[in-house]
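Trainee: Chains as they are written, first to last, in this note's numbering: chain A, 1 to 491; chain B, 1 to 491.
Rather than coming from a laboratory, the hints here were simulated on the basis of the structure.
Do not rely on the hints blindly, as some may be mistaken.
[As the list claims (entries may be wrong)] Covered, in the sense of this in silico footprint (three residues per stretch, anywhere, with C-beta under 8 Å from a C-beta of chain A), are these stretches of chain B:
#	region
1	124-130
2	215-228
[As the list claims (entries may be wrong)] Have a look at the derived ranges for each label pair, beta carbon to beta carbon:
#	chain 1	residue 1	chain 2	residue 2	range
3	B	Lys376	A	Pro183	26 to 36 Å
4	B	Lys294	A	Ala377	55 to 65 Å
5	B	Asp97	A	Ser301	40 to 50 Å
6	A	Ala377	B	Ser31	23 to 33 Å
7	B	Lys364	A	Glu14	33 to 43 Å
By construction, the Cβ of each residue, glycine as well, lies at the ideal position given by its N, Cα and C atoms.
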Amino acid sequence: MGIEVEKKAGFDTESAKEVVKELRASFVAGKTKTYEWRRTQLTAMLKMMDENEPQIVAALTDDLSKPELESSIYEIAMLKNSCKLALKEMKHWMMPEKAKTSLTTFPSSAEIVSDPLGVVLIISAWNYPFLLSLDPVVGAIAAGNAIVLKPSEISPATASLLAKLVKKYLDCSCIKVVEGSVPETTALLEQKWDKIMYTGNGRIARIVMAAAAKHLTPVVLELGGKSPVIVDSGIDLQVATRRIIAGKWGCNNGQACISPDYIITTKDYALELVDSFKCELERFYGKNPLESKDLSRIVNSNHFARLLKLLDEDKVSSKIVYGGERDETNLKIAPTILLDVPQDSLIMNEEIFGPLLPIITIDKVEDSFDLINYSGAKPLAAYLFTNNKKLKEKFVEKVSAGGLVVNDTTVHLAEPTLPFGGVGDSGMGAYHGKFSFDTFSHKKAVLYRSFAGDAAVRYPPYTAGKLRLMRALLGGSIMGIIRALLGWSKP
Amino acid sequence: MLPLQTSKTIASMEESIAELRETFRTGTTKSVSWRKKQLRALLDLVNENEDSIFHALDQDLGKSRVESYRDEIGIIKKSASYSLSCLDKWMAPKKGDLPLLFFPAKAEVMPEPLGVVLIFSSWNFPITVALDPLIGAISAGNTVLLKPSELAPACMSFLTQTIPRYLDNKAIKVIGGGADVGKRLLELKWDKIFFTGSPRVGRLVLTAAAKYLTPVTLELGGKCPAIVDNTLSNPSKAKVTAKRIVGGKWGPCTGQACIAIDYVLVEEKLASTLIETVKKYIKIFYGDNLKELKSISRIVNQQQFQRLVNLLKDPHVAASVVYGGSVDEEKLVIEPTILLDPPLDSEIMNEEIFGPLLPIITLKNIEESIEFINSKPNPLVIYAFTENETFKKRILSETSSGSVTFNDSMVQFICESLPFGGVGQSGFGRYHGKYSFDTFSHEKSVLHRAFYPELEPRYPPWTNFKLAFLRLAYALDYFGLILLMSGFRKS
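Bound conformation, chain A alone (with noise of 0.2 Å):
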């Protein structure tokens, strides 16, 4: 109830102050510090997810058609261990990590404190619109802040339903949800925060760090790029193809970040490789894919419109070997496989986030690292299929992106002990299980001296002597602060 009155007042920057003026009394007052806290805004999350899967499921089918096993699994599965992790290993991440002290400044202690930012302001995505509205949350949770989250208008159900759900199973003095689109996101951005993340795409996320720069807001841009696919002949082409399948159209039917982008293979490996393509699509998706369920919808008429544009542009059009049907009404188009696009079409120069997927076809394979790095924008993963160690190798090394992953594609994301963001173009910052927790925290360092030790070549008047021992003392080696006491090193 509280939620339709804010929406049909019209959330304006008066709105956002006052909002951020709660949030940060209740910050202030310590409510969101301690670990109990903590702990039950995590345990009723998980209940929030226990009680309600088949309204998120509904909400995500609403939105943008999703399969039900994506779903439950990457949405929901993935933000329940996202916070059983937190729960498990919360208290290990609270405690302060010891430092190591040096000679120079003995006798002393050192450690790491984390102290929660603030009040932070976390702005999601639509293409998993559950999971990276929460999954952020978590960790903010997790470090101690109070919270404000923006899920994409594009997503309206799951925006919807997160407002609802949010403010029956978690603590609205400290965690909000504001719904709304451009103005409300403005309004949101006059305000100062603690910190600020971002998960979308370029063009606004340069708008929200001008926004952060003018309150010195530090920010996490989780963006996205052309991940590219390099696959090498001599591997097991069925297996590589179904990985590359799962990452593209099983994930939101390429509307992800992470998601393959573009293959780039060899000339003569190509026609292979496209044949695997079609007789794997087939076995998954079956003759008519435009009816299948277990691809996601394009979201709106306006990336559908995006994607048909890309796809029917002259030079491109040509070059489909496999799909291109497209049925409006539903906003579905069909896996299509596009060959040897040109290097100048649209299709190659952003970000596809669709069901289409150009093979560019080079000589030799070791050639494809000088096109993913030919346009300078850093891709947020790149994947590579191949047996060959030593191509694994130079790929490691040359290839920058924000992952890497060989002879697999996505998997990546789902495992917390690696760091997901990206680099250049693809964002900054990272996050996932204790990258979370870090992200939102700012680690204090502490040093503790005592009274004892007290070098008086610390204090003027300076004299050579001092000077000496300065010297010594800042070296580090017990034999050049003897050698210095005994006058014997250089002034």
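Start from chain A and add chain B according to the hints.
Mentor: Using the frame of chain A, we list chain B on its own:
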């Protein structure tokens, strides 16, 4: 002091950057031998030019040799040596543990350089704050453009002339010039910007970085308080406390340091003891009148001098001076000055002093210091002289600052194992020791998978069995999986 050819500088700027980018592309800076060679060359630079550095620091800031060694030369030597000894370890990939589900697989996080980085340094520690980040950037394998502050012209001149003689010109460049050069540099694309300076300019840097989504580290400042508690009741501890306060205020560049003690908080009844002891040590360390001051820096320039003098112009502030207050405009010297309870709404109590004026604020009860500190923006450091363990814990958990040092001042700066950086208005990001290496690196996650075994349930068409399988798999419920596979569990 040599004249600076600004227009020539700006004209050759784009050429320099193009060269840095090309050098990075060739991969030269990635090799461990290149990095070590540069670090050794930097050590040679400092060792072979000590006298020139002493001279330049004396010219720019009137720094004495001991202060110059302790705060600049010694720091750089220590940092470069430390990086040389740790570099192999830092560059090594960190292995990750993977759950059985992924078997067989290998996960690691590989640090890689970001590319072409821009370092802006400040005028108060013109050698340290230029070369210490440079050490980090080199260790991490980047190419670098360093822009030292024109407000320390002798040091800037030293750096622009000497660095090209020792370091790889194609990969490490120094550019002189004023604010116009800085502005122009910010219009270009960098892979990282490292800025030390004021919050005002920090905002400009961050806003410019937003256009290119460039990650930034901002090392700013703030009003660093020193809380003085019961350590004053014991005479020998009171002496050490006073020495460390005096050393922490006027020792570093006569208070012109981001980590210098800005103001002191003490209980009313101990104020006069503190003032008397501080006065005593000021006289011992620096002399007891303006004409005979020694072992202390001067104010950097007319503009800063005027700013500080103006802080004392407010009659209420002037009336609170209990020691010092004399100034020598010609020599740009201000005597160490103590103020007792200047008005809390005066400028001196609301902007970072960055000079030799020390307000002492009295409180009825020292515990009030926490609230007092929290009413101001987060400082870079909080110093607390106390042996009350409960109070220490309260300070740690109820305040937020870049770092906290108990019972001393300044020394946290030389601990390589402690991250050095701010939070909130005092900045974000950190460096020193391995943190320097990390701040100029991208941590790339790499997951190696094998082609076998293959998990059929990963692929559509989706069935209830596959959903059940994946639920258990994601929960790492291996036993459940076995039951499911052997038919003992329904899907």
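Trainee: Is it true that B/Lys294 and A/Ala377 lie within 55 to 65 Å of each other by Cβ?
Mentor: Given a distance of about 57 Å, which is inside 55 to 65 Å, the answer is holds.
Trainee: Given a hinted range of 33 to 43 Å, is it respected by the beta-carbon distance of B/Lys364 and A/Glu14?
Mentor: Given range 33 to 43 Å: holds, Cβ gap about 38 Å.
Trainee: Please count how many residues of the region 215-228 of chain B have a CB within 8 Å of a CB from chain A and say whether that reaches 3.
Mentor: holds (count 3)
Trainee: Taking 23 to 33 Å as the hint, is the beta-carbon distance of A/Ala377 and B/Ser31 inside that range?
Mentor: holds, 25 Å
Trainee: Holds or violated: the region 124-130 of chain B covered by chain A, criterion of 3 or more residues with Cβ-Cβ distance under 8 Å?
Mentor: violated (count 0)
Trainee: Taking the Cβ atom of B/Lys376 and the Cβ atom of A/Pro183, is their distance within the range 26 to 36 Å?
Mentor: For A/Pro183 against B/Lys376, whose Cβ atoms are near 33 Å apart, the range 26 to 36 Å holds.
Trainee: Measuring from beta carbon to beta carbon, are B/Asp97 and A/Ser301 in 40 to 50 Å?
Mentor: holds, 45 Å
In terms of the numbered hints stated before, the structure departs from hint 1 and from no other.
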